[in-house]
Structures are given as structure tokens and as C-alpha cells.
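Novice: Starting from the known structure of chain A, fit chain B onto it as the hints suggest.
Number of protein chains: 2
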Amino acid sequence: MVNNKKTGSQALVATLANCGVTHCFANPGTSEMHLIQALDKEPRIHSVLCLFEGVASAAADGFARISGVPAITLLHLGPGYGNALANIHNARRAYSPMINIVGDHATYHRDLDAPLTSDIETIVKANSSWIGVAETALEAGEVAAKSFEAATNAPNSPVTLILPADTAWTDGGVDGPNVIAKSPSLVTSQALDEVVGAIKAAQKPIILVGGAALYDEGALNNMARLAKAGVRVMIDTFPARQARGAGRFAPEKMQYFAEMAISSMAGVDLMILAGTSIPCAFFAYPNTPSILVPDGCVTLTLSERCEDTIEALQKLVDALGAVEMAAVVTAAQMPAPTGPLNPAKIAQSLSRHMPENTIICDDSVSNGFAMYFGTMGAKKHDWLALTGGAIGIGLSMAIGAQMAAPQRKTIALSGDGSAMYAIQALWTMAREKLPIVTIIFANHDYKVLNIEMMRTGAGDVGATAKSMLSLANPNLDFVALAKGHGVQAASVTTSEEFDEILESALASNEPWLIEAMI
Amino acid sequence: MVNNKKTGSQALVATLANCGVTHCFANPGTSEMHLIQALDKEPRIHSVLCLFEGVASAAADGFARISGVPAITLLHLGPGYGNALANIHNARRAYSPMINIVGDHATYHRDLDAPLTSDIETIVKANSSWIGVAETALEAGEVAAKSFEAATNAPNSPVTLILPADTAWTDGGVDGPNVIAKSPSLVTSQALDEVVGAIKAAQKPIILVGGAALYDEGALNNMARLAKAGVRVMIDTFPARQARGAGRFAPEKMQYFAEMAISSMAGVDLMILAGTSIPCAFFAYPNTPSILVPDGCVTLTLSERCEDTIEALQKLVDALGAVEMAAVVTAAQMPAPTGPLNPAKIAQSLSRHMPENTIICDDSVSNGFAMYFGTMGAKKHDWLALTGGAIGIGLSMAIGAQMAAPQRKTIALSGDGSAMYAIQALWTMAREKLPIVTIIFANHDYKVLNIEMMRTGAGDVGATAKSMLSLANPNLDFVALAKGHGVQAASVTTSEEFDEILESALASNEPWLIEAMI
Chain A
1 MVNNKKTGSQ ALVATLANCG VTHCFANPGT SEMHLIQALD KEPRIHSVLC LFEGVASAAA
61 DGFARISGVP AITLLHLGPG YGNALANIHN ARRAYSPMIN IVGDHATYHR DLDAPLTSDI
121 ETIVKANSSW IGVAETALEA GEVAAKSFEA ATNAPNSPVT LILPADTAWT DGGVDGPNVI
181 AKSPSLVTSQ ALDEVVGAIK AAQKPIILVG GAALYDEGAL NNMARLAKAG VRVMIDTFPA
241 RQARGAGRFA PEKMQYFAEM AISSMAGVDL MILAGTSIPC AFFAYPNTPS ILVPDGCVTL
301 TLSERCEDTI EALQKLVDAL GAVEMAAVVT AAQMPAPTGP LNPAKIAQSL SRHMPENTII
361 CDDSVSNGFA MYFGTMGAKK HDWLALTGGA IGIGLSMAIG AQMAAPQRKT IALSGDGSAM
421 YAIQALWTMA REKLPIVTII FANHDYKVLN IEMMRTGAGD VGATAKSMLS LANPNLDFVA
481 LAKGHGVQAA SVTTSEEFDE ILESALASNE PWLIEAMI
Chain B
1 MVNNKKTGSQ ALVATLANCG VTHCFANPGT SEMHLIQALD KEPRIHSVLC LFEGVASAAA
61 DGFARISGVP AITLLHLGPG YGNALANIHN ARRAYSPMIN IVGDHATYHR DLDAPLTSDI
121 ETIVKANSSW IGVAETALEA GEVAAKSFEA ATNAPNSPVT LILPADTAWT DGGVDGPNVI
181 AKSPSLVTSQ ALDEVVGAIK AAQKPIILVG GAALYDEGAL NNMARLAKAG VRVMIDTFPA
241 RQARGAGRFA PEKMQYFAEM AISSMAGVDL MILAGTSIPC AFFAYPNTPS ILVPDGCVTL
301 TLSERCEDTI EALQKLVDAL GAVEMAAVVT AAQMPAPTGP LNPAKIAQSL SRHMPENTII
361 CDDSVSNGFA MYFGTMGAKK HDWLALTGGA IGIGLSMAIG AQMAAPQRKT IALSGDGSAM
421 YAIQALWTMA REKLPIVTII FANHDYKVLN IEMMRTGAGD VGATAKSMLS LANPNLDFVA
481 LAKGHGVQAA SVTTSEEFDE ILESALASNE PWLIEAMI
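Top to bottom, those sequences are chains A and B. For what it's worth, the numbering used here labels the leading residue of the first sequence as 1, then goes sequentially. For what it's worth, the numbering used here labels the leading residue of the second sequence as 1, then goes sequentially.
Chain A extracted, bound-state conformation (with noise of 0.2 Å):
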């Protein structure tokens, strides 16, 4: 029965919430004022007020990867959705469900060209799998409906749904229906088959893992069995998300550098491809190859992106009657770090105290390697690498994986330039009191831009492009931008300072930031 007293912003609301939304991450405007409405009268949706409109794209990220449910952003216009763009971009690279809700003008304002009118539709294309237009009351719920189902289709993406002013303020809203998320689609025994054929043929085989196997406790111990059977085990460089930590098998990494990466795999003729795809270099380099497949290597697809890898690893390991498993990692009895601090010796520290089932948002960037390695034996914890390159997402997407997990615990790590895109997001971990514990390395450069200076072969630098890839002078005080957005934090110079600090930040039922000054 249709309910004609219910707005078209309400019917969206009640849909998605009906479908399992329960978080909305949101930097509104005017033309949101009827969705804000709807929201307020929507108990089972949690509004989260953001300063940026990136951190609200990150958090939603950060939400997606650790509950896999979609949360929706709530963006004003064009240029709001331009400011979540690059934290969309990770999300898609992570293949995280998510509904970008974006208040355009009403739809007969819309060809005015009032000053905040711009092209929505061509803005949100490279990043959307789906693009819905809400153009009526009526049919708001059902285009929420669709939003949830395409959000939610294997691999999972960020989708966009335009909603015109008129469009929420108008009575006439009907429910949408309730959308369960799809399972993926099991791989065909055909592939399994060729893949099988092809391992037992191959002399080096490797297989290179992507997408939710990485943090499936089944997927991870056959993956030690496919290890212990002699095929070699990688993952991406950039996992969306890792379990990993003690008790678990412990994947190789695809390496970064690409010559690295190819000279690591000399001599091997197969690599299977499960739920990614072939691996190339992030960036190209002069005379540098720019897809890690050695030469005279066939790779192989076990499963799509789309495919359930897990069910596909389950079949593989029974194909190959491959039963025991590698060795799991043990736990790391590490001493308190002393003397003056480095990443090695935070790494110390964070394996010593991050309690069981910790979240790691890793956007720490030229120190993200030495921290990945030395948390290696710390206990069990869930990693979240940085999915598509544009920095500064950890700080906001630690607000989205603690608001999915509050039992847990969830620290951030970030490099000083990269926490500088989106500083904002301590005011919301303040406002929402999220007791996320924030790691600044405070190298007062874009140290990663020097190394890749070397790399590119950009020649002698000098002092113009010396400068532009230093952030020092002034040198930022992270101590200060955290008390200016309401968070407590301190800046330590010492490793034996930093683990004390680093101790009771976690055990704090608030934010806490801590610069760490390497």
C-alpha cells in the first residue's frame, strides 16, 4: 500500500536501512536538508558528521572492510563528491561496498545553472559501478534498492545515487524492496581442472591470492597446505584487508619494486591468478618493466575477481590432496625498544602491546614496509593497506573500521604527508569518541617522492625540487593540530617513550594521537 504521506527521502532512508545500512557517513548541504530529516526520524541508521568529505568516503571505507555491509556518504553536489573522489578511488581499488548519496538541485532548477549546478553524472562515472537517479518521489525507494544491489554484487564497488532536492522533499515515497547481497558465483570446474593440470606440470608455480580468501581463517590454512604442497604462496602488495599475526600462515607479498618483484620470481614458469589479476608495477619506471610476470611464466586464472575464492582454494587443496599445512607464525616475544626511535622500533612496540583482533590502517606510506614486517608475530590482528595509491585515507578510514568493530581495538598509521589530506578526521574520532590510536611518523618529508625521485631518474635535484618534496620549514606540530580538533596527543622522540605512550593510548577509551618523531 502506498503511503503518500512519506517524502521520497524518507522511503530512501527506510530502504537502505531495511536492506542493513546502519552508518552514514555524511558532509551535507542544502539540498540535503530533506535526507538529514529522514535520518533523524531513522533509528537504525547512525549519522556521522564529517568536516571533509573525504573522511566521510574514507570512514565508509573503513567501514565496508571490516562489517561488509555498505554504509552511505552523504555529499553536497558536484564539488562535495569531487572532495570524497580520491578516498573513492581506494574504495573501489578495495572493492568495498559503499552508496555515495549525492543532493543534487531539484530537478527543475537543475538546467539554470545556478552557481553549484555541475555535470554529477560525468563526475562520479570513473568510479561508479552503478549510477541511479532518484527523479521522482515515487520511485526513491526502489532506485535505493538498486543502489544497495548493485553496491553489494561481486566484487563489491561504491555506486552513486543522485537525488534531486525536489525529488526528497516531495510526498509519494513507496519502500523499495528488501535487497540481500549476492554470494559469488563458484568457479567453473573447468578452470579448476586447468589450474590443476597445470600445477602438477608446472616446475615453480606460484599462486597469487586477492580479495576476502586473505582474511578467511579456512581460505588462510589452505593456502599453508597449497605452501606446504610446494606452490608458492603471494598475495597483492595492497590487500583491501589481511588477517595475519601470530597462529596464522603468513603469504608472501608481491614486492613493490618492480625489479624487486621480477628478480624474486626468477625461474618461475606458472603463476594462478585467485581473485586478482595479472600483477603489474605501481608505478612505470625508465627501462623498468611494468607487469611482474617473469619471462616464460603463464599465468593462469583460478578465480575472478566476481568468484568465490575461498570455495575455489577449498576445491584446489582437495584436488591436490594437499592435507598438511606450512608452518604458522609464532608469536614474537619482543623487549621493550630502547634508544632513539625508527619504524623498526615503533613495529617493536606495536607488536608488544596491540591487543588480540586489532585493526591496522596503514597509510604510513615509505614506512608501511618495516612496519608490515615487524608486526609479523604480534597477535592476531587484521591489516588495511592503502588499495589505490592516493594517500590520505588512514586516519578516516580508522573511524569507519572502529565504528564496524567497537569491541576491537583500531590504530592508524600515517605519514606526516599523508595525514595532512584529510587532518580533519580527528575531530570526528573526538566527536564520536572513538578510542583510535593514531601513529604519525613525523619525517617532515614526502620521503617516498625522494626515493622515487632516485628511481624515475629525474636527475640531480635541486633546491626548488628538493623543497617541494620536503615538508619541513615549517616543520607541522601534530601535538597541536590534535588538541585544535579536540584530541589528546603527545610527540615523542625516544623509543622507550613511545612504548609507554603507545601502552596507555591503547588502553584509553578515547583518541589518541601520537607523533612519533623518526
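Don't take every hint at face value.
Stated by the list, open to error - Below are the PhoX-like pairs computed for lysine-lysine, each with C-alpha atoms no more than 25 Å apart in a straight line: (1) 447/B to 433/A; (2) 146/B to 204/B; (3) 5/B to 466/A; (4) 483/B to 483/A; (5) 146/B to 447/A; (6) 433/B to 447/A.
Stated by the list, open to error - Selected chain B positions facing chain A (Cβ under 10 Å, derived; list incomplete): (7) 47; (8) 114; (9) 299; (10) 320; (11) 460.
Everything labelled a hint here was simulated from the structure, so no lab data went into it. Where is the CB? At the ideal position from N, CA and C, for every residue including glycine.
Specialist: Chain B only, in chain A's frame:
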């Protein structure tokens, strides 16, 4: 003669410097390393590092509004452009020339779908009047010249030049031609005659003026002549730049709220458009008109945005024989303000202390009206408005405006909410030692949204909705935020304090931030 020892990026940079480009606002990444090296060797272009791309695009906009010359921005692939997009939108609405250089993957790397790969051409489309891809080093110089030509083609606009990394690093670059910005075309005598006839026949004519005429002394005098001759002179609500203050004619602004705009024009039977288009409401509201032309009023175009409105006004004045001028604004004699601080008192202090030729970058949103009217009788100054409605431009635009006119004083007016979109601008002010005075209107609210919530009729404001429009809990501490970025600051609550701090901040050679608690 071809200098084959020049790389594509060197040819590009040399060509733009030859055309007259002097400033580059950059947030570079790996794909732009060779461009950074080329800039390092080009003494005619000053490179300015920004911590966030939205600072770079707003700075380029501010630079263009004051100098008339396009600056270049340096952005890192699709996500980098995304971060800059909101302020490029504002620049498009300001008709500011701007050359956005987006570094892309090497041509042979684009199809591999690396993490940072995205469909750049689609992302930039809505906010670029021209898009060029420098596919080879050989054509990089020519594409650069074309980008300059396109950006400075009346009415000016932002353009996008996509530079693949291998074009940037490969030898074989050739400088493109020197391009001289074209003058806008002249209005036809037919259009002029029609307007003259219509004005003579009208009972209550209005002329609505936009564009470069608003900061041309001769055009302002001609507007005063038209006013004296009985043509009511109005200007766009949010002009890119307006020259105003004591001794200048003060045209009337088209009002922001539609119903007020319409009722203020009751009985008007003719609206002449000069360098602008038919006015429309900023947002649509239920039961409120969208087009700001009263019933029965005819609209007629004197000059399009791409035409020479300054010259057209001169011809119109000549044709009407309008010699005498309406009165200009007399200098305000303001006493020192006393008592609790409010926007009117802030305007009073500004009127007292602003030196001649101050540049005001206005992003003060709901406080903008009080500031604009309260400074009408201040010394001559330029007012740069938020042209595209994407809040968050003020501090960053001031960077570019100040660099375009080092001998003038620049003041950024910003809401607390709007400042938080790109607060990172403060660091670039500190690094470049720009004596900008930033005034933050700290009402701890998205105050304009509270007004809009009422106006859109979204109904009673519940606790969640209220919290989504509030910047309280916790309050932002702008003095700490400024300190964190290396900028001196003070928080003031009384008019006396504000007046004193403003005077000393304006006398300083370094950036200053004043948190005005209103």
C-alpha cells in the same frame, strides 16, 4: 631547430614560461617527478608546495583573479584532480584562467590497471573547457601552448593538460609557440542598438553586470552614469572580483534569497544582461521561484560573457548621452567598536584598519552579508566572492591573491565550517611567509544550514539533524590549529580585543589568524 636534449616536461615548462606563466601551485607525486625537475631549472616559474590539492587549485584561482594570468597546478593522477575539483569548480564559475597539469602513468602503463589508474579524462571533463593529452615528448610544447590559449580564451576558464610520465621523461621536446591571450570580442552594433532602444522605451530598466567590468574603474564610472540616467545598476550576487570602497560607485547586488530578489525588483520591465546570464536562485525551495526575473520583465543581452563588457558599457553610455555620474561612496568614519564581538563589529574594525587596495577573499558564508555591507565605506579594495558555492576556498584563494600582488594586503574571511575543508592552506602561508590575515568566524555551527533547514521546510529539527549541522562537541580550537601549521594566532571575544589584534596583524609581515568568537 629541434633541441633533442630537452625532455617533454622541459619543453612544456619552457613553453608556459614563454607564454607568461609565473606560478605553479603543486602537490606532486611520483608521476610528476620529471616535471618537478623541469620546474627546478626554470627560474621564471615560482613553485609553491601545497599539502592538499584543493589548496593548489584555489590558490591558482586567487592568483588569476588578481593578475589575470593563469597559474599552473600540478596534480597527481585522477585522485589528485579529485582533491582539487571543488575549487576548480569555483574557478570555472569565476571564469578564472587556470592550467591544471595532471601527471598520468606512462602511456604504455595506462592499460595495466595499476592501483592509481583512473579515467582522468572523464573525471576532469565537467570542469575543463579544454582537455589535452601530451602523448609524446615531441608534442608536449605544442600541447602546453594550446592549454594556455584555451585557458585565456574569453571568457577565461580552467583547462586540463594530462602529462603521461614517459612524455615527461623522454627527450625530443620542442618548445611550443608563444601564445598571447586574446582580447574578448566586441559587441555587435545591432545588440547595442536594441538595448538602447529598449532602455529608452522601458519604465523601470535594470542592467545586471558581471565579469571584468566589476573591477574596471572606467566601467564603474560608466555604471554610475547609467544609474544617474535612470538605469538601475545591479551586479551578480557572487562576483569573482569587485572593486569597491570609498570613492567608487556601489552597484546594487542581486539578492541571495529568491523571494527577496524578486520583490526588490517589483515593477521592473527590462533587464539588460552585461557580461552575465539570466539570474537564478542559488538553490530551489518548495514554492519559491527559481528564475530571478520578475513577471512581465523582458531580458535582453548587451554582452555575452565572452564579449568585452567594459567597451560595451562605454558605448551604451555614449549612445544614451549619459554624462553625469551618480554619487560614489563616501569614506566611512568608524569609531572603535566596543562590547561583545559580532559580524557588524568585525566589519567596523575592518573599515577602520584595512589599508588601501586590500584584497578580501570572502568565504564567510552566513556572515558574508554583514561583512560586505559593513565595509562599503572602507578604503578602496577588491572583494573576491565564493563564485561556485563550494565552501572551503577562502584561505587558499588568499595565497594566490597575495602572491599575485605582494605589495597589497590580503585578508581571508572564513566561516569555521568552511575553513575546515582546506585548513592546510595555513602551512603554505607560513612557508611562503605571506602576510595574509585570516579571520575565522567561530560560531561552532554550519549556521547557513540552520537557516536553509528552516527555509527548505524540512520540518522540526530533531537531535540528530541538529547535531549534523553543528560544529560543537568538541569545539575546534583555531589557535591550536594555526600553531600546528606554523601560523601565529589569537582568539578574541570582545570588539576591543578584535580591533587591537586586527590592527597589529595587518601591520605584520607574517601570516596571522584571528579566531573571532561570535
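Novice: All the hints need checking, so say for each whether the structure fits it.
Specialist: Going down the list of hints, with the structure as the test:
1. 447/B to 433/A: holds (24 Å)
2. 146/B to 204/B: This hinted pair is violated, its Cα atoms lying about 45 Å apart.
3. 5/B to 466/A: Holds, because 23 Å separates the two Cα atoms, which is no more than 25 Å.
4. 483/B to 483/A: holds (10 Å)
5. 146/B to 447/A: With Cα atoms ~34 Å apart, residue 146/B and residue 447/A exceed 25 Å; violated.
6. 433/B to 447/A: holds (24 Å)
7. 47: holds (6 Å)
8. 114: holds (5 Å)
9. 299: Hint violated; residue 299/B Cβ to chain A Cβ min 13 Å, cut 10 Å.
10. 320: violated (30 Å)
11. 460: holds (8 Å)
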